[in-house]
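Produce the entire structure from the sequences given, and follow the hints as far as they go.
There are 2 protein chains.
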Amino acid sequence: MPDTVPSQASGLFERMRSAILTLELAPGERLTERGLEAAFAGSRTPVRAALMRLENEGLVLREGHAGRGWVVAPIDVAEIRSLAELREAVESMAVRLAVERAVDADLDAVAELLTAGGPAADEDEGLRAGSDFHVELATLSGNPLLADAVRGAMTRLARTRWLEVRTAASRAQARDEHQAIVDALRARDADRAAALVAAHIRDTNERLVHFLTAERRRLRGHGLSIVDGAPARPTRAN
Amino acid sequence: MPDTVPSQASGLFERMRSAILTLELAPGERLTERGLEAAFAGSRTPVRAALMRLENEGLVLREGHAGRGWVVAPIDVAEIRSLAELREAVESMAVRLAVERAVDADLDAVAELLTAGGPAADEDEGLRAGSDFHVELATLSGNPLLADAVRGAMTRLARTRWLEVRTAASRAQARDEHQAIVDALRARDADRAAALVAAHIRDTNERLVHFLTAERRRLRGHGLSIVDGAPARPTRAN
DNA sequence: TACACCAATTTGGTATCCCAAATCGAACCG
DNA sequence: CGGTTCGATTTGGGATACCAAATTGGTGTA
Chain A
24 MPDTVPSQAS
34 GLFERMRSAI
44 LTLELAPGER
54 LTERGLEAAF
64 AGSRTPVRAA
74 LMRLENEGLV
84 LREGHAGRGW
94 VVAPIDVAEI
104 RSLAELREAV
114 ESMAVRLAVE
124 RAVDADLDAV
134 AELLTAGGPA
144 ADEDEGLRAG
154 SDFHVELATL
164 SGNPLLADAV
174 RGAMTRLART
184 RWLEVRTAAS
194 RAQARDEHQA
204 IVDALRARDA
214 DRAAALVAAH
224 IRDTNERLVH
234 FLTAERRRLR
244 GHGLSIVDGA
254 PARPTRAN
Chain B
24 MPDTVPSQAS
34 GLFERMRSAI
44 LTLELAPGER
54 LTERGLEAAF
64 AGSRTPVRAA
74 LMRLENEGLV
84 LREGHAGRGW
94 VVAPIDVAEI
104 RSLAELREAV
114 ESMAVRLAVE
124 RAVDADLDAV
134 AELLTAGGPA
144 ADEDEGLRAG
154 SDFHVELATL
164 SGNPLLADAV
174 RGAMTRLART
184 RWLEVRTAAS
194 RAQARDEHQA
204 IVDALRARDA
214 DRAAALVAAH
224 IRDTNERLVH
234 FLTAERRRLR
244 GHGLSIVDGA
254 PARPTRAN
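If you read the sequences in order, they're chains A and B.
Per our numbering, residue 24 is the first one in the first sequence, and the count goes up by one each step.
Per our numbering, residue 24 is the first one in the second sequence, and the count goes up by one each step.
A few of these clues could be false.
Stated by the list, open to error - Derived list of chain B stretches under chain A, where covered just means 3 residues or more per stretch with a C-beta under 8 Å from a C-beta of chain A: (1) 69-76; (2) 101-107; (3) 110-121; (4) 159-169.
Claimed, not checked - Simulated DEER-style distance windows between Cβ atoms: (5) Thr45(A) / Ser193(B): 51 to 57 Å; (6) Thr190(A) / Thr138(B): 51 to 57 Å; (7) Glu47(B) / Gln196(A): 53 to 59 Å; (8) Asp127(A) / Val250(B): 29 to 35 Å; (9) Arg241(A) / Glu123(B): 49 to 55 Å; (10) Glu86(B) / Ala64(A): 45 to 51 Å; (11) Ser66(B) / Arg124(A): 43 to 49 Å; (12) Arg225(A) / Ala222(B): 24 to 30 Å; (13) Arg209(A) / Glu229(B): 27 to 33 Å; (14) Ala191(B) / Ala237(A): 54 to 60 Å.
What the hints assert, rightly or not - A short list of chain B residues far from chain A (calculated; beta carbon distances all over 12 Å): (15) Ala42; (16) Gly58; (17) Val94; (18) Gly175; (19) Ala176; (20) Val232; (21) Phe234.
Hint data in this document are derived by calculation from the structure and do not stem from the laboratory.
Computed from a predicted structure; not experimentally measured.
Glycine included, each C-beta is placed from N, C-alpha and C at the ideal position.
Rendered as structure tokens:
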């Protein structure tokens, strides 16, 4: 297996992506290809490639009438709500399939994620693990498309991790809910597992949305663009 | 509204995409950037951009250990099965949300798709309409992410339309099932609508998969690469 | 005959260069 | 002064030239 050469452009992509996810590049910030070319080392071609990849991860957007200019995707409360609905659909299905397809060893591996680091895990670790847990869970479905969908959703949600304050209690609750999901899987109880997953996603999301709408003003003051893009009415796009 | 200039590259993308979807570029066929540069008019930069976009629509893949070379995505029976599961999850959810959010006028508009062209619609039209119906249905959820997911799935499935033989009877059945879904929506019966959607997707998919596995040998003879990528076991990717 | 080795070619990756459109200013006119 | 026009600058889109890696063919040797 001739390990893939980092290829330099992948590096650029990773660094830009990382800069966005850590809010080093603020949501709503305008980007120019030439500016990025300078900020990160590397010339325009790989920068453009990276931008395109970031675009379809939903982390950057084209702006302006004539497609001129790029923007770091604002944190969009409407999008976050939509993501939760998508996750509920996809992860519920994934967990149902996992009940049928995953063997106990797989479940053990995922369960291990929950205890890894123990209660000593710091906030950052805890949240990353939370994200990973959902992706690993979806992977157990044996359906790579479901796993990818969850991975994509978690990526789009990742930036909020730096905003929302998570208490030790809320972390513990998340861990308990994750544990309950694994237990349901072990019991091969698809309905219960799916219901727990849906409830967990809904609760987590509700907390997040409440937080963002409440703190929107303050966060904006810190230079972050937080918008609420859409009505809950069918959008007749295109 | 300064209408967007076709921008040439979009044109290239559309033409390449169309060539793939119509099987003019055969599944499994190897592509080189320079070859495409010649085949379609336009130089490497836009060709490259188009390839990247096609890549994340899942229509082309990078091949080879060192990322060298592109391939028109083979028709992968395992992927098709996975797509059906994804669609079942997403479209069921979408239809549930549509029951809550869509107004009657929206439903009327979608219902109109079913009768448009009437029974005289030829095979091609009928199938395109079938695909559009599912996308429009998902749009009624008011959740653009769900609609996008369905659109993406239908794109990946689009190539099979040229392979599978659809009789007048099967087209009529599909239309009836679509009609039944709309009726359930009109009745604001979320459970029934979701169940009908799930059953419809499952049935349609089962027929398709049966057809492909049965005809795989013959279709391969025509130069098409049809594979069955995956086991139904959780894939421990990465 | 099989195999190892080398050179030409091909390929994707990268770095620039040029271009037309759009934006932003400043000078100019009313 | 306010509004407009014209031009310099900036920006993304496209075209090419160059590079290193890798494939490919052939050739000469054991």
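Tell me if chain A covers the region 110-121 of chain B under the three-residue, 8 Å CB rule, please?
-> Coverage by chain A holds here, the residue count being 8 at a Cβ distance below 8 Å.
For the range 45 to 51 Å, tell me whether the beta carbons of glutamate 86(B) and alanine 64(A) fit it or not.
-> 29 Å, violated
Aspartate 127(A) versus valine 250(B) beta-carbon gap, inside 29 to 35 Å or not = 30 Å, holds
Beta-carbon spacing of arginine 209(A) to glutamate 229(B) - inside the hinted bounds 27 to 33 Å or not | About 30 Å separates the Cβ atoms of arginine 209(A) and glutamate 229(B), which means 27 to 33 Å holds.
Annotated coverage of the region 159-169 of chain B by chain A, confirmed only when three residues or more have a Cβ within 8 Å = Coverage by chain A holds here, the residue count being 8 at a Cβ distance below 8 Å.
Taking the shortest Cβ-to-Cβ distance between phenylalanine 234(B) and chain A, state whether it exceeds 12 Å.
-> 21 Å, holds
Hey, does alanine 42(B) actually stay past 12 Å from chain A on C-beta?
-> Holds: least Cβ distance 21 Å, greater than 12 Å.
Consistency of beta-carbon spacing, alanine 222(B) to arginine 225(A), with hint 24 to 30 Å = Since arginine 225(A) and alanine 222(B) have Cβ atoms about 26 Å apart, the given range 24 to 30 Å holds.
Consistency of the no-contact label for valine 232(B), given chain A and a CB cut of 12 Å | At roughly 14 Å from the nearest Cβ of chain A, valine 232(B) sits farther out than 12 Å, so the non-interface label holds.
Three residues minimum, CB to CB under 8 Å: does the region 101-107 of chain B make the cut for coverage by chain A? Let me know.
-> Coverage by chain A holds here, the residue count being 3 at a Cβ distance below 8 Å.
Is it true that the C-beta distance of serine 66(B) to arginine 124(A) lies inside 43 to 49 Å, as the hint says?
-> 47 Å, holds
Is the gap between the beta carbons of glutamate 47(B) and glutamine 196(A) within 53 to 59 Å?
-> 55 Å, holds
Hints 9, 10, 18, 19 from the list above are not met by this structure, while the remaining hints are.
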